[in-house]
Amino acid sequence: MAVNPFQVRLNNYEGPLDLLLYFIRRDEMDIYDIPIAKITEEYLTTLDQARSSNVGIAGEFVVMAATLMRVKAKMLLPRPELDDEGELIDPRTELMLQLQEYTRFKDAASNLDILANEENQLFKRTTRELLDEAEAIPGLYLKTVSLFDLATHFKTAIENRPVMNPVELHREIASFDDQKNNILASLDGEGKLRFSTLINKFKSKIEMIVAFLALLDLIRLKEVVVYQNELFEDLEIHKVIIT
Amino acid sequence: MRQNEQLQILEALLFASPEPLNQTRMNNAFEADPPKLSDLIKKLRDKYEKEKHGFEVRKVAGGYQFATRADFSPWVRRLIQNPSQLKLSGAALESLAIVAYKQPLSRFEIESVRGVDCSGVLKTLLSRQLLKIAGRAEGPGRPLLYGTTREFLEHFGLDRISDLPRLREITELTATEEPNSDHTDASE
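Which chain is which? The protein sequence lines are A and B, in order.
Here the first sequence stands for residues 1 to 243, numbered as in the working numbering.
Here the second sequence stands for residues 1 to 188, numbered as in the working numbering.
FYI, nobody ran anything at the bench for these hints, they're computed from the structure.
Note that the coordinates shown come from a computational prediction; the quantities given were computed from them, not determined experimentally.
Worth double-checking, as some hints may not be accurate.
DSS-like mimics (lysine-lysine), calculated; alpha carbons at most 25 Å apart, straight line [said to hold, decoys possible]:
| no. | chain 1 | residue 1 | chain 2 | residue 2 |
| --- | --- | --- | --- | --- |
| 1 | B | Lys47 | A | Lys124 |
| 2 | A | Lys155 | B | Lys123 |
| 3 | A | Lys155 | A | Lys124 |
| 4 | B | Lys42 | A | Lys124 |
| 5 | A | Lys124 | B | Lys87 |
| 6 | A | Lys124 | B | Lys43 |
| 7 | A | Lys124 | B | Lys59 |
| 8 | B | Lys102 | B | Lys123 |
| 9 | A | Lys124 | B | Lys52 |
| 10 | A | Lys124 | B | Lys50 |
Computed beta-carbon distance windows for the label pairs [to be verified]:
| no. | chain 1 | residue 1 | chain 2 | residue 2 | range |
| --- | --- | --- | --- | --- | --- |
| 11 | B | Phe30 | A | Leu97 | 53 to 61 Å |
| 12 | A | Ile57 | B | Glu56 | 49 to 57 Å |
| 13 | B | Glu31 | A | Ser146 | 16 to 24 Å |
| 14 | B | Trp75 | A | Ile57 | 29 to 37 Å |
| 15 | B | Ala32 | A | Lys201 | 46 to 54 Å |
| 16 | B | Ala29 | A | Asp188 | 34 to 42 Å |
Think of the CB as a built atom: it goes at the ideal place given N, C-alpha and C, for glycine as much as any other residue.
Could you put together the complete structure from these sequences and hints?
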């Protein structure tokens with residue numbers, strides 16, 4: 001099959017709005033008075049071409065096709081809809097507002113791109129390179145961890161927990177203070193403990209949750225700090241040594 | 001402490017600082033009686049202005065840093081040949097622009113402007129530390145809210161978020177279709 005050199009390639013666009021904006025700018029259409037029949041046809045042709053060349057079409061493109069056809073159908077209705085004040089409702093209004101909002105941010109994005117390029121022309125005196133190096137050699141440097149990282153790790157730990165078949169219901173005893181002492185007691189000779197080691201000690205979810213809360217409290221009390229060597233890697237709990 | 005010595009200390013701090021130097025960080029370096037950073041910076045800039053240096057002190061992300069002057073970029077670029085800066089994709093730039101102007105906001109609000117799913121790009125921007133989680137919304141489901149970071153300001157050479165070029169008003173869209181026509185130099 002011959003490839004049309006003017007074919008609009010779907011994956012060059014950030015989404016359906018970007019594609020519509022391309023048509024509008026290329027054909028110098030008025031954004032306040034979009035020729036809906038013309039643009040719908042253009043849009044559907046592009047989608048068909050993508051489909052015939054076996055390109056997967058993202059759901060958003062299909063949704064927009066439906067929107068366009070609905071607007072087009074409404075435009076053809078002999079009796080136009082009126083709003084509460086008896087004013088004519090233009091079926092294109094919603095789409096128009098969406099396109100305008102998108103245009104503003106697309107322009108803002110290209111402004112940002114210009115800023116970044118200008119910034120890239122300057123060379124800053126920072127020791128940031130050292131930090132980059134730290135990321136390149138995992139395990140060599142320690143990085144501070146945010147509460148968010150901690151929560152992510154907790155989620156991973158819970159999800160990786162072996163599946164059990166709970167049948168009996170019984171009250172599980174996991175006291176907050178016990179878990180705090182448990183964490184402090186589990187620290188090794190150097191005052192360190194891996195988060196995974198801690199979590200693996202527990203069988204039940206409630207114990208893990210209480211241990212996690214206990215860990216947060218220990219961090220709050222500045223008794224321990226938590227480090228992470230690399231993104232998504234295990235966390236290390238370190239005892240704060242008071243000098 | 002003599003004025004001259006204070007300027008020398010400031011130079012040393014600017015040279016060594018891994019991130020833009022602000023008053024708080026400078027205070028850590030002085031045992032007692034830290035001088036006012038903005039006053040010292042002014043004196044240092046005056047001095048550099050007189051002496052005609054190849055670099056300058058610029059204000060970015062609420063602090064100060066040394067940077068080569070734009071006039072000498074061609075030479076420096078030939079010296080440092082690999083462009084170290086990460087190039088952001090269109091999707092990343094669009095998402096950043098929306099967050100920058102409307103923060104804090106949820107993923108849903110970002111997606112309703114872009115009209116596409118943004119979960120992947122937001123994850124990347126979070127891990128690049130250009131965006132951060134800025135809390136949770138009050139509404140149903142309490143969705144996470146996104147905001148920009150200090151790294152964002154540094155990446156785009158901005159001092160504050162309010163230094164971003166003004167977002168075009170809807171009415172202006174029809175007046176001119178020239179992209180970036182009202183781009184203002186925010187680094188000044």
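Against the structure, the hints:
Restraint check: the Cα-Cα separation between B/Lys47 and A/Lys124 comes to about 19 Å, which is no more than 25 Å; the hinted pair holds. Between A/Lys155 and B/Lys123 the CA atoms are separated by roughly 16 Å; this keeps the pair inside 25 Å, and the hint holds. Proximity of A/Lys155 to A/Lys124 is assessed by CA-CA distance (about 39 Å); at most 25 Å being required, the pair is judged violated. In summary, the hint linking B/Lys42 to A/Lys124 is supported, as the alpha carbons are separated by about 19 Å, within the 25 Å threshold.
Taken as a hint, the A/Lys124 and B/Lys87 pair is honoured in the structure, with Cα atoms around 17 Å apart against an allowance of 25 Å. Among the hinted pairs, A/Lys124 with B/Lys43 is consistent with the structure: their alpha-carbon atoms are about 20 Å apart, no more than 25 Å. Pair hint A/Lys124 plus B/Lys59 holds up; C-alpha atoms about 12 Å apart against a cutoff of 25 Å. Only pairs whose Cα atoms come within 25 Å are accepted, and B/Lys102 paired with B/Lys123 is accepted, the gap being roughly 18 Å.
For the hint linking A/Lys124 to B/Lys52, the alpha-carbon distance of about 18 Å falls within 25 Å, and the restraint holds. For the given pair, A/Lys124 sits about 21 Å from B/Lys50 by alpha-carbon distance, which is consistent with the 25 Å threshold. About 54 Å separates the C-beta atoms of B/Phe30 and A/Leu97, a value consistent with the hinted range of 53 to 61 Å. Separation of A/Ile57 from B/Glu56 is about 51 Å and conforms to the stated range, judged on CB atoms against 49 to 57 Å.
At about 31 Å, the beta-carbon gap between B/Glu31 and A/Ser146 misses the expected band of 16 to 24 Å. As the Cβ distance of B/Trp75 to A/Ile57 is approximately 49 Å, the hint placing it in 29 to 37 Å is violated. A hinted range of 46 to 54 Å holds for the C-beta pair B/Ala32 and A/Lys201, which are about 48 Å apart. Separation of B/Ala29 from A/Asp188 is about 36 Å and conforms to the stated range, judged on CB atoms against 34 to 42 Å.
In this structure, the hints that do not hold are numbers 3, 13 and 14, in rising order.
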